[in-house]
Amino acid sequence: VAAAPKKWFETFAIRGYVQARYNRLLETNPDLACEQCDRSWGRDGGVSLRRVRIILFGQLHERLYFYIQPDFASTVNGSASLHVGQLRDAYFDVGLDKASTFRVRLGQSKIPYGFENMQSSQNRLPLDRNDALNSALSNERDLGAFLYWAPLRVRKRFSYLVREGLKGSGDYGVLGVGVFNGQTANRPELNNQQHVVARFSYPLVLGRQIIEPGVQAYSGNYVMATDQLSTGVKHSPDRSYLDQRAAATFVLYPQPFGIQTEYNIGRGPEFNPRTNTIETQRLHGGYVLLNYRLRFGPQQLYPFLRVHYYEGGKKHERDARSYSVREAELGAEWQPFTAFELVAMYTLTSRRFEDFQKPDNQQQGGLLRLQAQLNF
Amino acid sequence: VAAAPKKWFETFAIRGYVQARYNRLLETNPDLACEQCDRSWGRDGGVSLRRVRIILFGQLHERLYFYIQPDFASTVNGSASLHVGQLRDAYFDVGLDKASTFRVRLGQSKIPYGFENMQSSQNRLPLDRNDALNSALSNERDLGAFLYWAPLRVRKRFSYLVREGLKGSGDYGVLGVGVFNGQTANRPELNNQQHVVARFSYPLVLGRQIIEPGVQAYSGNYVMATDQLSTGVKHSPDRSYLDQRAAATFVLYPQPFGIQTEYNIGRGPEFNPRTNTIETQRLHGGYVLLNYRLRFGPQQLYPFLRVHYYEGGKKHERDARSYSVREAELGAEWQPFTAFELVAMYTLTSRRFEDFQKPDNQQQGGLLRLQAQLNF
Amino acid sequence: VAAAPKKWFETFAIRGYVQARYNRLLETNPDLACEQCDRSWGRDGGVSLRRVRIILFGQLHERLYFYIQPDFASTVNGSASLHVGQLRDAYFDVGLDKASTFRVRLGQSKIPYGFENMQSSQNRLPLDRNDALNSALSNERDLGAFLYWAPLRVRKRFSYLVREGLKGSGDYGVLGVGVFNGQTANRPELNNQQHVVARFSYPLVLGRQIIEPGVQAYSGNYVMATDQLSTGVKHSPDRSYLDQRAAATFVLYPQPFGIQTEYNIGRGPEFNPRTNTIETQRLHGGYVLLNYRLRFGPQQLYPFLRVHYYEGGKKHERDARSYSVREAELGAEWQPFTAFELVAMYTLTSRRFEDFQKPDNQQQGGLLRLQAQLNF
Chain A
48 VAAAPKKWFE TFAIRGYVQA RYNRLLETNP DLACEQCDRS WGRDGGVSLR RVRIILFGQL
108 HERLYFYIQP DFASTVNGSA SLHVGQLRDA YFDVGLDKAS TFRVRLGQSK IPYGFENMQS
168 SQNRLPLDRN DALNSALSNE RDLGAFLYWA PLRVRKRFSY LVREGLKGSG DYGVLGVGVF
228 NGQTANRPEL NNQQHVVARF SYPLVLGRQI IEPGVQAYSG NYVMATDQLS TGVKHSPDRS
288 YLDQRAAATF VLYPQPFGIQ TEYNIGRGPE FNPRTNTIET QRLHGGYVLL NYRLRFGPQQ
348 LYPFLRVHYY EGGKKHERDA RSYSVREAEL GAEWQPFTAF ELVAMYTLTS RRFEDFQKPD
408 NQQQGGLLRL QAQLNF
Chain B
48 VAAAPKKWFE TFAIRGYVQA RYNRLLETNP DLACEQCDRS WGRDGGVSLR RVRIILFGQL
108 HERLYFYIQP DFASTVNGSA SLHVGQLRDA YFDVGLDKAS TFRVRLGQSK IPYGFENMQS
168 SQNRLPLDRN DALNSALSNE RDLGAFLYWA PLRVRKRFSY LVREGLKGSG DYGVLGVGVF
228 NGQTANRPEL NNQQHVVARF SYPLVLGRQI IEPGVQAYSG NYVMATDQLS TGVKHSPDRS
288 YLDQRAAATF VLYPQPFGIQ TEYNIGRGPE FNPRTNTIET QRLHGGYVLL NYRLRFGPQQ
348 LYPFLRVHYY EGGKKHERDA RSYSVREAEL GAEWQPFTAF ELVAMYTLTS RRFEDFQKPD
408 NQQQGGLLRL QAQLNF
Chain C
48 VAAAPKKWFE TFAIRGYVQA RYNRLLETNP DLACEQCDRS WGRDGGVSLR RVRIILFGQL
108 HERLYFYIQP DFASTVNGSA SLHVGQLRDA YFDVGLDKAS TFRVRLGQSK IPYGFENMQS
168 SQNRLPLDRN DALNSALSNE RDLGAFLYWA PLRVRKRFSY LVREGLKGSG DYGVLGVGVF
228 NGQTANRPEL NNQQHVVARF SYPLVLGRQI IEPGVQAYSG NYVMATDQLS TGVKHSPDRS
288 YLDQRAAATF VLYPQPFGIQ TEYNIGRGPE FNPRTNTIET QRLHGGYVLL NYRLRFGPQQ
348 LYPFLRVHYY EGGKKHERDA RSYSVREAEL GAEWQPFTAF ELVAMYTLTS RRFEDFQKPD
408 NQQQGGLLRL QAQLNF
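Chains as they are written, first to last, in the working numbering: chain A, 48 to 423; chain B, 48 to 423; chain C, 48 to 423.
Heads up, a few of these hints could be off.
Note that identical chains are pooled: a pair holds if it fits in a single copy or bridges any two copies.
Simulated pairs of lysine-lysine, BS3-like, Cα-Cα distance not exceeding 27 Å [said to hold, decoys possible]:
1) LYS203 - LYS405
2) LYS203 - LYS145
3) LYS54 - LYS145
4) LYS203 - LYS53
It should be emphasised that the hints constitute simulated quantities derived from the structure, not laboratory data.
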């Protein structure tokens, strides 16, 4: 007897999550801001939706997996309107063998650079990613083609690390190599060269613990788009800049105590406030995150501490804004049940962020940040 | 035996509706327009999609409900393109007790101000909301945090009033209090103060009839965004204006004859065409809607008559446009089956709507308006 | 015993498709471009997502069908951001009889003009539509009301031609007539007249072959929007231009050898580089597509060859850009399984595309184009 053909809702699934935030409690300096982190920090900030994600995904065939993720908390270039629907991910994985140990990924997806970059915001403990590695890629993503390899046994381990609440990165292979446009997510390509990226990361079982050391690097040329430049700022004739980074990662998964640390160095465009010029400059920075996992029946509690620093530019911000960041965060995530999470986090920070329009801008202070998250 | 875990499609549901319109029949004055009502009124209007809504919603846990509603008939600030996807709602309700008689609502949602504002456009009889109360809030919504209370018995009644075709408002509690940014839906917060709102509304069973009297009020400071101002218009130095309203509501649900009436007074920004200045001015206005419910087997027919007036500004329109509205509408909604509705409505109206660019603009006339609605 | 009410996921379905492309291999002239075809052709192009479609559709009642299709690879007017969600289709069909042999379609949908225009991009063999007929309608769609008629037997044949991989157009009736705004998809109406359209097309069974001859025509006035005009270009005082076309179609469905050919003539706005003026000018053009269907178990392979030419303007592009196109394409579509397709296609082309900003622009050359498509 032939099996009945699958119904549409059995061939793929839909899920999502929503993050609502408030950042103004115990705020000591309303001039503290972080554009890439969260636009509702500081002066005139209010209740905000940081992410409203709807995800369609599924294994359509033994050799084909897809993942489409619009975000309905986006703004688009040139408009003040909030809450526009815009893609984060739209990719498909084509397995080169039946177990998809080798996979080719096409479309817009996360670039395999940085463990915290790859870890979903749905799972990450601190509310925002660290500036040091996240400055590599606005929205962590780009258009490109990638090859991932991982043995089936390790693929299952990657899956386990997310499913069991151990805050894994998801499965970006043991080895990943790729080419991508290099202008970061949702922005048009502006040159004829592709960026290249490679990453190696291996989750090792050591007794009752799992660790995951990793290395990754990318290289390419980034072109400052004209709408990213202030009138009057000086830049290279073709607005093109070397864009290269290398990073090391070490993770001890929280059973119950966890460590996550990354560090990267590189070169990229950065505004120089002394010369009013965007120049290729060195950059470096990293972070250490300590966390602890507590369980009370179905409830979970993850206290955490993260310190991070960054010296360098952010290529995707106005005039490749120059940053010096020193930040410490102490907080906890509480999951009373799987569909709901609350994070409270105190941030103590010193941030210099300077561009042509604000060439002398060093801010210090503290604030309490709150987030409620829905998972469906 | 343990129950099988729920499939994704059993944990939440998707539904939606679409409204297609044509407003040009029997039109006597093509200069009649109403930006907040429907941009396809008058000169150069054609066939239009007023709303294309897709809703994801579900009770994920006895204490957690969510509702995400993008609209795909939106335009975004700064772009002429139609039919962009943009959020209307994205909120979740956290029950403080198991029956969720007390609920905290977080995210972007309707502000509990005005029965007709809260009633879904899917259920409302006239094609657009009355100017008097709807001028309070563009798209009826904002980002904020709210506390709703209603006994379980009344929650069931709110649900019944929608489900049984009685054109209820949905469940915004017997008592609702909240804080919200105050710049209305999908617009960034522009000051450091929150608006506050409170509402009380109770559906009472009187013999075979149900009535619902209610009161509500909000207060805050609204900041005119720079993109809302014409070049040359005068305004307060910080573009900030007092924004306060109070309203009373009375509803007799149509079994078969219904009455719905609301009135509000307040103060808010309003363009003054004599001085070319945006000033805080008094506003007032209200409406009476009479309706009748006829059933023929599965078919339903609701003839209705609404008269409304408004004197005041619309803070979310250019220069806080000044309005004097006198309008009467006579129409009928026909539902041949639940998935489809047709509305025909004749509107006789006198509208003064003046801003810096059109400081002397009084228009009168009539038009026939048609809508076909799909419910899925 | 009464049947259980249908669950939400049994009342309608969700499906979709994604197209990822790369156009830079074997490229001989980076100045070759085609705005309407694919913005990632030529200089500074990279990996791109051409379409990311999510479709909700269903027969809600014997007399009511709906179809909502946002695309998440859109850009909106005035913004450089990619991958914004915007409608392609949002329509519903109301059957005038139980079998819906007569149907009224309301909303935004494809205009019944041109077989290749109506054929889904999910099914079309060449990566982009021919300029000759596709220049009639940006995104093939508009807002309007249409009446379609087809006997039930022919409706089943239309359905069969798509389902069986014969690359049909879908069911736009044997006879279709309609009125529509005329400014093309997702753009506001700009005058008080509607366009009118009519089409006749009949799929005939001849022995083991099926052919489909058809004719179609539309007429109206198109208004150049101010944001489509270069500063300095001359145009008619009201920016309004006659917009009329008529076309003939012949299709032999590929069992296994297929032919598809269309030709159209008409008049419309076109930039005149000698006078720097947008003028109403004659246009004409067409194409011939030869294809062949090969099956190897579940796999399908469709080699194809298309030649097309066009002389005329594109009303929806800057200054009603003037075109002379001569193009030949040789390629193949390979479907290893239903959820996945690969197309490789070599294009040899000569394109003149001139507007006020580029008044002397004739480009020739060749390029290899690649597409991977996911169907879910």
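Give the relationship of LYS54 and LYS145 under a CA distance limit of 27 Å: within one copy only, between copies only, both, or neither. both (23 Å within a copy, 26 Å between copies)
Reference check for the pair LYS203 and LYS405, CA-CA at most 27 Å: within, between, both, or neither? neither (49 Å within a copy, 56 Å between copies)
Within, between, both or neither: LYS203, LYS53 at alpha-carbon 27 Å: both (25 Å within a copy, 22 Å between copies)
Should LYS203 paired with LYS145 be assigned to within, between, both, or neither, using CA atoms and 27 Å as the limit? within (15 Å within a copy, 37 Å between copies)
Consistency with the previously given hints fails for number 1 only.
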